[in-house]
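**Student:** These are the residues of each chain, in order.
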Amino acid sequence: MATKKSTRIGRIAVAPSVILLFLWMIVPLGMTLYFSTQRYNLLNPDRSGFVGWLNYRAFLTNPGFTTALVNTLILVGAVLLITVVLGILIAVLLDQPIKGRGFVRLMVIAPFFIMPTVSALVWKNLLMHPVSGFFAWIMRSLGLTPVDWFTHHPLLSIILIVAWQWLPFATLILFTALQSLDLEQKEAAEMDGAGPFSYFFEMVLPHLARPITVVIMMETIFLLSVFAEILVTTQGGPGQQTTNIAFLVYAQALLNYNVGGASAGGIVAVVLANIVAFFLVRLVGKNLEA
Amino acid sequence: MARRTSPARVAVFTALGWAVGFVVFFPILWMVLTSFKTELEAFRTPPSFLFFDWTLENYAIVQARSDYLRYAMNSIVLAGGSTLAALVFAIPAAWAMAFSPTERTRGTLLWMLSTKMMPPVGVLVPMYLLFRDFSLLDTHVGLIAVLALGNLPIVIWMLYTYFKEIPRDILEASRMDGASSWKEIVFVLTPMAVPGIASTILLNVILAWNEAFWTLNLSTIKAAPLTAFIASYSSPEGLFWAKLSAASTLAIAPILVLGWFSQRQLVRGLTFGAVK
Numbered sequence: 001m002a003t004k005k006s007t008r009i010g011r012i013a014v015a016p017s018v019i020l021l022f023l024w025m026i027v028p029l030g031m032t033l034y035f036s037t038q039r040y041n042l043l044n045p046d047r048s049g050f051v052g053w054l055n056y057r058a059f060l061t062n063p064g065f066t067t068a069l070v071n072t073l074i075l076v077g078a079v080l081l082i083t084v085v086l087g088i089l090i091a092v093l094l095d096q097p098i099k100g101r102g103f104v105r106l107m108v109i110a111p112f113f114i115m116p117t118v119s120a121l122v123w124k125n126l127l128m129h130p131v132s133g134f135f136a137w138i139m140r141s142l143g144l145t146p147v148d149w150f151t152h153h154p155l156l157s158i159i160l161i162v163a164w165q166w167l168p169f170a171t172l173i174l175f176t177a178l179q180s181l182d183l184e185q186k187e188a189a190e191m192d193g194a195g196p197f198s199y200f201f202e203m204v205l206p207h208l209a210r211p212i213t214v215v216i217m218m219e220t221i222f223l224l225s226v227f228a229e230i231l232v233t234t235q236g237g238p239g240q241q242t243t244n245i246a247f248l249v250y251a252q253a254l255l256n257y258n259v260g261g262a263s264a265g266g267i268v269a270v271v272l273a274n275i276v277a278f279f280l281v282r283l284v285g286k287n288l289e290a
Numbered sequence: 001m002a003r004r005t006s007p008a009r010v011a012v013f014t015a016l017g018w019a020v021g022f023v024v025f026f027p028i029l030w031m032v033l034t035s036f037k038t039e040l041e042a043f044r045t046p047p048s049f050l051f052f053d054w055t056l057e058n059y060a061i062v063q064a065r066s067d068y069l070r071y072a073m074n075s076i077v078l079a080g081g082s083t084l085a086a087l088v089f090a091i092p093a094a095w096a097m098a099f100s101p102t103e104r105t106r107g108t109l110l111w112m113l114s115t116k117m118m119p120p121v122g123v124l125v126p127m128y129l130l131f132r133d134f135s136l137l138d139t140h141v142g143l144i145a146v147l148a149l150g151n152l153p154i155v156i157w158m159l160y161t162y163f164k165e166i167p168r169d170i171l172e173a174s175r176m177d178g179a180s181s182w183k184e185i186v187f188v189l190t191p192m193a194v195p196g197i198a199s200t201i202l203l204n205v206i207l208a209w210n211e212a213f214w215t216l217n218l219s220t221i222k223a224a225p226l227t228a229f230i231a232s233y234s235s236p237e238g239l240f241w242a243k244l245s246a247a248s249t250l251a252i253a254p255i256l257v258l259g260w261f262s263q264r265q266l267v268r269g270l271t272f273g274a275v276k
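Residue numbers (the UniProt record's numbering), protein chains in the order written: chain Y, 1 to 290; chain R, 1 to 276.
Don't read these hints as lab results, they were simulated from the structure. Every residue gets a Cβ at the ideal spot worked out from N, C-alpha and C, and that includes glycine.
Beta-carbon label-pair distances, calculated as ranges:
1) Y:Leu255 x R:Ala11: 52 to 58 Å
2) Y:Asn274 x R:Ile170: 37 to 43 Å
3) R:Thr220 x Y:Ile275: 32 to 38 Å
4) R:Leu16 x Y:Leu69: 37 to 43 Å
5) R:Leu16 x Y:Leu181: 16 to 22 Å
6) R:Asp133 x Y:Leu73: 31 to 37 Å
Could you build all of it, start to finish, from the sequences and the hints given here?
**Tutor:** If you want it as structure tokens, here you go:
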């Protein structure tokens, strides 16, 4: 149905977006690549020149890098685990006959719309404060000693905050997928006298396999770049305990003014993200054909 | 529904569902409650839930800070501006790809998606330097451009999935009637595309409103939106909880309401149509 004329008009219509996105991707990325091979510190602009792999070697052998990489992986892995497991459970729960389900759903998805700086500060102060926080009050009421979250478990604290932000995303997508599970299939399963557990493992989980993959991929992309939550709560500390790759690059660039080193770190972050993106694009691409 | 929906079963799941919903929502509820307390009350243990002297003074103080309105305006300008800018480019592109696809359409769409995979820190350094050299730091124009480009792939994808669903028969029928391409677009297709475009606008406004990497790194005062305003509460410990809560409540309220209206589109937009 595409005529020659409409194809030509189509190209003209698509071109601006393609060109813009291409420039947006290639210009800064090319600059990052270039800077990553240069000695370039904004505090000391006189010393400059090509240094080859030096910035990469410095970035990768910096003990801070290993810590940041491990922190990044723990953060991503833990948040994925929490959000997917709880997301499945809550999605299945929401799929049950619940009076006022619409309202419950509104409450469950609300955290997703809260800006990161608000979530982080509200959790850090109102909930997790070791003396006056809400959690401290609960612990004391139960006769326990309150936890000093950000002093003793800084990374766990960040994980909890970020998991709370992303739980709605997992829940919403899994719930949407669950609702497309054929009603007849559900009834047939009940006729067969399938218990709730065998029903869950034999029917529900296989049906959710694909949406779960989508959730994991999408969350990973965003979780690799967690930044604001760290900036407003711990600044990467204490020590380096909550510094992830994104924050390490930020610190190199805007706190140490080390353009070369930060650029090398940026490229490392891009490579990491691309490993994930590779699989995601495949997955979505398959869906596009279907 | 032939499922066994005995009253007992409904009661159990209803109680469980509401309990879970309440726990997840609690931090937001607690923040809103705290915003109506005095600073002293906000800090008090054991905390008071509903029986305290409700006060609006925190809202008055936040509003009275001469700069609050500027931050709020900046949020509106950035979210609105970047959405508009993205739409101007995305509508023709999505339109063309949905209605006259070529053999390259699929590849183009996937490539656009892949640009979204680039972590922002990967280009933080050059963006910062470019912004500095072109005097774009802390300007609306610069941030609008970055936010629009960042969301452009999502906007195109979302519009594409909506446009794809407009039935082709209608097009053919109007062509039979001899309608020109322009008439076709204006009178036949546009009305059918409006809901999809509206949903896309909603999602993009939400994403841009909450964006907290570029807005925190590329703005300081003049163009800084509410994300940065709230971040400025991060240094002083305690003492400002009630004001922090009031400012936060004001910052999230409009977007939370929008978000509640656009749940379904959110699923589609954020999974690039992989889950509907």
